[in-house]
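Working from the sequences, and respecting the hints, build out all of it.
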Amino acid sequence: MTFYALLAPFIAALFAPVLTRVFKHNAAWILAVVPALLFWHFFGFAEGVSQGERITGGYSWIPSFNVNFSWLIDGLSLTFALLITGIGTLVVLYSGGYLKGHKHQGRFFSFILMFMGSMQGLVLSDSFLMLFVFWELTSITSFLLIGFNHAEEKSRRSAIQALVVTGLGGLSLLAGLLVIWNITGLSELSLLLSSGDLLRESPFFIAAFLLVLGGAFTKSAQFPFHFWLPNAMEAPTPVSAYLHSATMVKAGVYLLMRLNPVMGETVAWETVLPIFGGFTLIAGTLLAARQTDLKLMLAYTTMASLGILVMLTGFGNEKAIEGAVLYLIAHSMFKGGLFMVAGNVDHEAGTRDITRLGGLASAMPITFAAALFAALSMGGLPPFVGFLAKEEIYYGLAHGDAWSILFTIVAITGNALMFVIGFAVALKPFLGPKVDTPKHAHEGPILLWVGPAILALCSLSSAIFSGWFHARFSSPMASAVSGHEADITITVIPHIGVPLYLSLLTVALGVVLYLSLGRLRAGMESLLLAIGWGPDRGFDQAIRGIVKLSVAVTRLVQNGRLEFYITASFVLLAASIFVPMAIAGDWPLVPAFPQLFFYEWLLFLIAVMGLFAVIWAKDRLTAIVSLGIQGFAVAVFFMLMGAPDLSFTQFMVETLSVVILALAMTRLRLSPQDHRSATQTVLDGAIALALGGALTLLLLRVLQVPFDATLTEFFNTYSLQIAHGRNIVNVILVDFRGIDTFGEIAVVMVSGLAILALIRVVPKRSTPVTTESPASPSDKVVEAG
Amino acid sequence: MRTLIFRTVAPFLSSLMILFSVFVLLRGHNEPGGGFIGGLIAASALAIYGIAFGVSPVRRAIRFHPMALSGFGLLLAAIAGILSLFSGVPFLTGLWVYPRLFGVELALSTPLIFDIGVYFVVFGSITSTALALEERERD
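Line by line, the protein sequences give chains A and B. According to the numbering used here, the first sequence is numbered sequentially starting from 1. According to the numbering used here, the second sequence is numbered sequentially starting from 786.
Read the hints as simulated data drawn from the structure, not as lab findings. None of these values were measured; they are calculated from a predicted model. Glycine included, C-beta positions come from ideal geometry on N, C-alpha and C. Where hints are given, some of them may not hold.
Incomplete in silico selection of chain B near chain A, CB under 8 Å [unchecked claim]:
no.	residue
1	P796
2	G813
3	E816
4	G858
5	L891
6	A892
7	P896
8	T914
Below, the structure is given as structure tokens:
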């Protein structure tokens, strides 16, 4: 069943365009059934997993390399799968309303379902390679989604940027996984998790750790790789609500959480993660405060939230991990909702600029309510799940030592700023005096508000029924992350203690900052102007540098002159034969004078005459044809030496190459005469002699090696027996070495295509007057004949 | 090249060569021959026809674009390989059947299909190159 569950989104993606053509935007209702069913399927595992069950399954994929197609369902992957399919259902519905009437809506559904499949595969993968494949698939599908409005240059740039950054991270991850594989000899996460300290004690631990971080930090937009995330806001809003809140950006966090039991509790882990995470948290919230675009504000707070998750995962105590788990779930719910709210405002009012919005509450009451609920959760106020998360975070961080105090301060600042942004997004567009907006706003259709409304209710109910919620989802997930039994007990009823005071402090700080948001924004603005450089610009500079370098290298190596290529290849080839022979002193012995029959001498003479004919030919065409003489002579030699197949082929190849060379010459309007200077002729002649001599020596040397007849015997014995053919040459070609031949014919075809393209290129200076298609029948030639 | 004699002989010569190319293709498994050489012969047959009558008649005669024939060949070769997968043996393992047709036993196999694929790839690619070169020469 789970195998089909992994396939289902891809199959749905296949049918999405057709369904959309028939049912228009209402296809969303049909397509949403797929993720909904998947949600239900995974929900069925919750009971077992909460009892500590761990479900694995799979097939052998590449047995010779011990690679399996296998999945692992435990508390961590189950909660992720539920978030992916649950929010996926809502996002599919939401895109039905948001992109209603868009001419590529079917394509959009297809992309988003493919992404869903990849993301679901990522979190359920057990084998390393499967994890990597799905990881890269999420990068590719997110590239398609971010670049959905591909007619705009900004979208294309953002899409490429996201692909480059996360794709490079993916390669780093692959290397990291291979290092782990080498250290432990295990290629499955489920086995790795029970391998104890094997990985931690390896001298290569740091290498594996850094490479894995490369993957996780790029995907989860940690500083300094965060810049692609805000740029990815070029994507349609459903993409931001899905990829950039609940799913794709969490893949890095997922990876870190997954590896915490085997990589955590090390100095590297507990230093690097909190520092980068904490820095990302503060940077993200400050950058968010500077924005006025709703989506960008949310994007930077997403970056900040990912920062706090990384920080907590690396903090290395039970409560911090429980806080991370709760915060991850809470964030998926409120951020997904807020993005949809921002999309609704944009869709209905025609702008997402917070300074041009106001007083929409009466026009869009449901959206406003959903926004308010989400903001309350984001601000960490009871009775929402965000409150539980924040309390648990403070339980995890607030200890006496300096290190803890530092990160408590970081968390308080970050949370207070997040509180500010949350309410700025949820309140500013809706309250206050009515502002004239580009479009006359009113509540959208059900497809647009059902998503945020359900997410808002989830934020509320999961906090109110926290006992049930913890038992099913958060406790099993925390157990999977920390590697041993964890039990989350926090409820909405506040307990007097340090965390509560810290919460109150956060809220107070948040309110103060909210009231001075304008000044904060201006301050950040001037600070960033003063710095004047960021990783985003750095990315452009790096790309420009690479392009310049490749242009320079190409100019150097590919100067477009055929003579240069041929000279270079020949000189190099001759040198690569001569030099090793000279160094090793391994020259061939002088062969005995051959005893040939007179007709063989005759053939030899013909071949040599052909060569002289080539050299003394008056014009090039004659030279080409004379080359054929020599080729035919060789073909006859093959025939006499008992290689009819070879000889046969040589005849045909000679004939056709003379024909094609002659055609190419006339086609290219080459001058029939050879215009080389005397020096050039001598030089070219010397190179030709050198190469000819080198090949002769090589062949003589090869012939003096004792002949190993193992293969000959094998083919002689088995050609008829196994492959039912007496012609060994052909049997080798089509049967024994069939894959080689397959590759070769693919090359033949590709070169055919390339030649066709080359011939078809019309030089720029000639005006193409006769655009007669070559495929269209034309009687002109026949009449002319 | 367009002498009367050549133009009279060319159609016969070309058809005989095509026929011969198929013969060479089919005998390849046991006697000298095979898909590669067969494809080359067929390509030269068309080259002769093209030299005698021009490019358009050749294009009309083969109906499809030569590159399409080449692609078809590659597809055929791939199918021949994939058929083995369905029988639970590795990619491109030869499969043989011996149906009796009018009392004659025929030896059919996936290597034969593969060889036909090779034939089409070679034939298509070379013909495409030759025709494209001849064509542009005239306009």
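Numbers of unmet hints, in rising order: Hints 1 and 5 not satisfied by this model.
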